[in-house]
Amino acid sequence: MIRVTRSAVIDAPIERVWAILRDFNSHNAWHPVVAESHIENGEASDQVGCVRNFTLKDGNHIREQLLALSDQDYVSTYCILDATLPMRRYVATVRLKRVTDGDRTFWHWESTFDVPRGREKEFADLVGKGVYEGGFEGLRAFLRRPRAAGPRPASNAGSMQTSGVVATSFGGPDVLQTRTLDARAPGPGEVRLRHTAIGVNYIDVYVRKGLYRMIEPPAPIGMEAAGVVQDVGDGVAHLLPGDRVAYAAPPPGAYVGVRTMAADQLVVLPDHVDDETAAATMLKGMTAEYLLHRTRPIRAGDTVLVHAAAGGVGLLLCQWAKALGARVIGTVSSEEKARLARSRGCDAPIVTKDYRFAQQVRQVSGGRGVDVIYDGLGRAAAAENLEALAFTGHWISYGQASGPLDPVPAETLSAKSITMTRPVLFHYTAERATLNQIAGRMFEALRQGTITVDLRHRYPLGAAAEAHRALEARQTTGPIVLLP
Amino acid sequence: MIKVYTSSVIDAPADAVWAQIRDFNGLPKWTPFVAESRIEGNQPADKVGCVRNFRLKDGGTIREQLLTLSDFDFQCTYSILESPMGVENYVATLKLTPVTDGNRTFAEWWAEFDCAPEREQELSRLVGQQVFQGAFDQLKTLFRR
Ligand SMILES: NC(=O)c1ccc[n+]([C@@H]2O[C@H](COP(=O)([O-])OP(=O)(O)OC[C@H]3O[C@@H](n4cnc5c(N)ncnc54)[C@H](OP(=O)(O)O)[C@@H]3O)[C@@H](O)[C@H]2O)c1
Ligand SMILES: NC(=O)c1ccc[n+]([C@@H]2O[C@H](COP(=O)([O-])OP(=O)(O)OC[C@H]3O[C@@H](n4cnc5c(N)ncnc54)[C@H](OP(=O)(O)O)[C@@H]3O)[C@@H](O)[C@H]2O)c1
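Residue numbers (this note's numbering), protein chains in the order written: chain X, 64 to 547; chain A, -16 to 128.
Just chain X, with the same shape it has in the complex (with noise of 0.2 Å):
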C-alpha cells in the first residue's frame, strides 16, 4: 500500500478555502490537471455519496465519490470508483485546519493506494507532486484570479450614490418611482454588490400593494440579483471583491444599482450561469427546486396541476416536474401561452381566465384527479382546486395572484384527505447550508438542460413599473428582469 501525504499553507482565511473545497465538483475550476468535471445524475455537490465524473487534461477518466463531508471538521473523503489509472482502493482525505496566527490555512491532503508491482514512486509522485502540490499552486492561483472588472469604490470608508426604485407609498404601479439613493460602506457580516441584473418576483406585486408588509415607504421593493462584490465588510470570509454572485432573500430593497446587505444569503455564481439567467432563477428556480424536492418529493409517476404554467415560476415547474417523471397538466390564460407551456414539458395545457379547470383536470386524468396541486392563484381557484384534487392529494398554496385565500375550514379537507401546505422559499433557504444546497441542485440543473430559462422581458429599472404593469394584467411568460 502506498501512502502520499503533502500539506500546505494557504493565505486565505479557512472559511474562504472550504467554501470552495467542499463543493466536489469545483475541482475543474482551481486544479490545473483536471479538464472536465460534473455530478452524476444532478445530485448536489456536497451531497455524501454523490459522483464526480471527470477527465484529466493527459485524457485520462476518473469517477470518484464523496464519503464524508464535515463543515464542523472541515473535512472531505473521497474514493476512486473505476479510472483509466491502473489505481486501486484509493482513499483520499482533505482536512483543513484554522491558523489563528495571521489567519490563514493549514490544508493536509493525505491517501493510501495500491498500483502495480513497480509503479510505485511512479505513482506516488503523480498523486503527490502532479495532483496534490499541483492543486495547492491551483487554488493559490484560484484564490489570486483576476476578477470581473467594474469600478472600486475609491476607499471602503464612504458611502456611494446610486439610483433605486422605491415604492413612494402602498399601492398601484404609480407609486413605483426613481430616487438616488446611498449605499453605505458594508458593516460587520455586510457586503456592498454592484447589481447587474435584477429579478422580478409576484411577490414585488404583494409588497408594493402593502398585503406583505415588508417595507415602510418610502422604500425600494425587490428581493433577487445578481452582481460583483465591491467591498466586504468584517467577518465576511466567503466573499471577496470581484465574486460573482446572486441572491434571493428579504428584506426587499433589490431594485437598486448598488446595494449594502448582509453577506450570508449570497451564493457565488459558477461560470456557466450568467448575471441574467441567475437573476432571473434565483427566486423562480430554487422555489421549483423546494417545492418539487422538499415540500412533497414528486416520484414518476404523480399527476401535478401547475397553474400559471407558463409564467416564472410555472414553466420551472412544468420542465422539472416531466424531468422527474411526473404527468404535468397546467392552466394558462391564452393559447400562446398554452403553446409555450407545451414546449416546455406541460402535457395538458387547460386555457382558461376565470379560474374554471376541474372539470377539464378530471378529464385529462381519467376521473382521478391530481396528485398535487402547485398553486399561485389563490383566492379564485380555492374551490376548484379542492375539486380537482385526488384522494391523499396535496393542495400547495404557494401564492395569490387572484388574492389571498379565505380560510379553509378542515372538514374540507377531510373529504379527500387532502393535505394542504403553505410553504415560503426563505423559510426553505434561511440556513447557509440548505441554501447552498438548493442553489447547487438548481445551478445544476441548468447546467444539464433539466430546466431552460425563457428571459423575454427586460426593461430598464427605471421602467419597474411598466415590468409590474405587464405582469399583473397577465401579459408575460416566463421571468422578468430589470437591468440597472
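Hints in this document: simulated from the structure, not taken from any laboratory. There may be inaccurate statements among the hints.
Each computed DMTMM-like pair below joins lysine to aspartate or glutamate, with the alpha-carbon atoms no more than 20 Å apart [claimed, not checked]:
(1) A:Lys(-14) x X:Asp134
(2) A:Lys78 x X:Asp136
(3) A:Lys12 x A:Asp(-2)
(4) A:Lys78 x X:Asp164
(5) A:Lys(-14) x X:Asp136
Fit chain A with the ligands to the given chain X structure using the hints.
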C-alpha cells in the same frame, strides 16, 4: 468548559521544532515568560506522569503534569495541578504537523478549562494570546531562517 485554540506556522522542519519543545523541562529555553523550571522528584522530563514546577518571570509558580508524550505524532498533553490563574480542570495539548510545502511546521496549541464566568474572556485571552501565541512568536524568532 472554555476552549482556547491557537495555531501558527514555524519556519523550520517539524522534527527540529519537536526536538526543542518535547523537553517538558525546557520552557525557559523557548518561551518568553518562564524564569526557571525543574522536574519534581528528580524524574526524567520525558517520563509520562512527571511534574514540572516552574516560576514565571512575573513571580507566580505553576505545577503541571505530563499526561501524554508522542514522538510519533509530535504531540504533548499536560494538565495544571496548581497555578495562580484561577482555573480548574485545565488540560492543554501542543501538537506539531509537518507542512510538506516549504518543509515548515504547523503548530497547534489548545486548552480546555473551567473558571469563574466573569473571568472567561480575560483568561481566554491570557491563555490564547499571551501564553500560546507569545510562545509561538518566540519559537518563530528562534527558528528564523
Ligand atoms: N411561496 C413561495 O416560496 C413563492 C416563491 C416564488 C413565487 N411564488 C408565487 O408563485 C406565483 C408565480 O410567481 P411568478 O413571479 O413566477 O409570477 P408569474 O407566474 O410569472 O405571473 C403570475 C401569473 O399568474 C397568473 N394569474 C392568474 N390570475 C392572475 C391575476 N388575477 N393577476 C395576475 N396574474 C394572475 C397569470 O398567468 P395566466 O395569465 O396564464 O393565468 C400570471 O402570468 C405567484 O403567486 C408568487 O407569489 C411563491
Ligand atoms: N381519520 C381516520 O382515519 C381515523 C381512523 C381511526 C381512528 N380515528 C380517530 O382516532 C382517535 C382514536 O380512535 P380510537 O378508536 O382508537 O379511540 P380511543 O383512542 O381508544 O378512544 C378515544 C380516547 O380519546 C381520549 N379523549 C380525550 N378527550 C375525549 C373526549 N372529550 N371524549 C372521549 N374521549 C376523549 C380518551 O383518552 P384519554 O382519556 O387518555 O385522554 C379516549 O380514550 C379518534 O379521534 C378517532 O376518531 C381516525
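Against the structure, the hints come out as follows:
Restraint check: the Cα-Cα separation between Lys(-14) (chain A) and Asp134 (chain X) comes to about 19 Å, which is no more than 20 Å; the hinted pair holds. The hinted pair formed by Lys78 (chain A) and Asp136 (chain X) meets the criterion: a straight-line CA distance of about 17 Å does not exceed 20 Å. Taking the CA atoms of Lys12 (chain A) and Asp(-2) (chain A), the gap is near 17 Å; set against the 20 Å cutoff, the hint holds. Between the alpha carbons of Lys78 (chain A) and Asp164 (chain X) the distance comes to roughly 15 Å, so the proposed pair stays at or under 20 Å and holds.
For the proposed pair Lys(-14) (chain A) and Asp136 (chain X), the alpha carbon gap of about 15 Å is at most 20 Å, so the pair holds.
In this structure, every one of the numbered hints holds.
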